[in-house]
Amino acid sequence: MNKWEDNKAWFLVLPVFIVVAFSAIIPLMTVVNYSVQDIFGPGQRYFVGVEWFKEVLNDSRLHDALWRQFLFSGLVLLIEMPLGIGIALLMPKKGWGVSASLVTIALPLLIPWNVIGTIWIIFTRPDIGLFGAAINSAGIAFDHTASPLHAWITLMFMEVWHWTPLVALLAYAGLMAIPEAYYQAARIDGASAWATFRYIQLPKMRGVLTIALLLRFMDSFLIYAEPFVLTGGGPGNSTTFLSIYLVKVAVGQFDLGPAAAFSLIYFLIVLLFSWLFYQALQNVGKGEER
Amino acid sequence: MARIEMNQIAHSYMEKPQGSDDYALKRIHHTWEDGGAYALLGPSGCGKTTMLNIISGLLRPSEGRILYDGKDVTDLPPERRNIAQVFQFPVLYDTMSVFNNLAFPLRNRKVDETEVKRRVHEVADILDLTPYLKKKAAGLTADAKQKISLGRGLVRSDVAAILFDEPLTVIDPHLKWQLRRKLKDVHEQLRLTLIYVTHDQIEALTFADQVIVMYEGEIVQAGTPQELFETPKHKFVGYFIGSPGMNFIPCTLSGNEARVNGFSIPLDQKTADAAASASGNLELGIRPMFLKVHGESVEGGIPVTVKLVQDQGSFKILTLQLENHTLQARLPEEHSLPGERAWVTFPADQTKLFADERLVG
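Protein chains in written order, with our numbering: chain A, 1 to 290; chain B, 1001 to 1361.
What the hints contain is simulated information worked out from the structure, not anything from laboratory work. Glycine is no exception: its CB is placed at the ideal position from the N, C-alpha and C atoms. Each hint should be verified, as a subset may be incorrect.
Here are the simulated BS3-like pairs of lysine-lysine, each with C-alpha atoms no more than 25 Å apart in a straight line [as the list claims (entries may be wrong)]: (1) A:K204 <-> B:K1134; (2) A:K94 <-> B:K1292; (3) A:K54 <-> A:K204; (4) B:K1134 <-> B:K1117; (5) B:K1016 <-> A:K93; (6) B:K1135 <-> B:K1110; (7) A:K204 <-> B:K1135; (8) B:K1233 <-> B:K1182; (9) B:K1184 <-> B:K1110; (10) B:K1071 <-> B:K1134.
Selected chain B positions facing chain A (Cβ under 8 Å, derived; list incomplete) [said to hold, decoys possible]: (11) F1089; (12) V1091; (13) F1290; (14) K1292.
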């Protein structure tokens, strides 16, 4: 084989290299660059090594934000996955109801994220909001700007309302792809509705549910716009998630070094957990094979 | 085990069927005897699967009743009918082991676990699945998967009949034969009623004692493979069974003879008697292998032109032109080939007469 001809092939992947370089590697490297330097102004910078990483890892406010973030993502997955699957199971499988329910369910996904925050601010306002005024006139003092618990409840409701449809749509697509013969065989085998779900529907939805889980984990872990608009991270720091804190550090205090170090750690956490979830779901129930 | 009676069954997928064209099944009246091996043969869309789903209870027929051993089961769901069905594509519970797959129908029916174990091992033995029992069903080959689907039917001791809906479609050709053999074995061992849907005539003819040919929602003939071959009751049977299919040429009648383009072709006494009362569109039918081809003019021979000779190995297929009609003849390998001109004769006992597509006599 002629080696020179083989080398020519590199020119064919060059465009991809360039695109990936500009879209991912160069931006990432600038962040890496910031994370190891202390920058006072143009031309005034010092190499500080891993100093920023140490500082960030010892920042107790960041620790708080991290645990808050895990709690939030954990709750999101625990609520949205089963709820989404449940909705998908209840959705009509044929007839005019299919498109009607699909459109209705997809509506929250079509709203810009900061508008979602605004909608929920108004919706839960104790004086004029449909929900806020109703529940307050029922005698329950509900105000997400005053109580951390109420802020979390509002946030969870907003999040579940906003994103469960995505899980439902993916699960529905998975359900619709199951051939009719599986259901027929299950009926002949005398399978109960639960057994049909457990041994046919759930295993057949594994692929789409993996995607739903990963998307929901990443999105909820990186959530910014909705809580920023709704609570601004408050009351106190009770809804200050990682990204909100990051923006405070980077833009509010203009500490680019720690913010860059923080971003990299943030990125690695998301990557690590996504990988763990993916591996876990790919291997679930495959123990006995071969 | 059971005798399955289909009593005036008709089915339409529409809510308000108008004419007979709206029916997928048109008034089927048929009995499946206990322990028989049946093949349900017909082209795609003729209603075979509809019929199968009605027997198993996946579909409720629009009209008519279905009886198992004289008991009306029309309104019973499939899980209460003691029926097993094997589908075109292997249906498995792929997160379960082979053992659990086979045990599934029993466990759903709350059968005692020692009995489950006994039955599963028994069935695995019959189907040569024992070495795989502990494996995941998902990793197996298509034929093993199809055997598991079949096994899920066989484990139930009370099963009345097993329905196969083109079960060999996804099986490699060299394994098809083996698996079909296995089905035959299972049938001989257990004497279950087997109903086997296929559009492959060879599969149907080798598998079944009785072949039921369906066409456009009707049973056009039920009989042994030999009966179907020798006396097709319907033009479709003649055309669908045998390779190549039966020759058909329009004809008229005069006394005991059929006339085609002015040539006369003698009919046997039985056909001629029945023909007297026949009306409608008349056609002669003859199997290519019964058509006699002569190299020179013979008594009563009809002159034809030889258009094409196809060598099929052990036999040859001749395409012949009789003025405006095309005929095919199947000659044994050693038979001498005629030149461009040939003469054909129609043996009276193998020459059938069809009126409006149905056999006369």
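query = Against which earlier hints does the structure fall short, listed by number upward?
reply = 2, 3, 8, 9, 10, 13, 14
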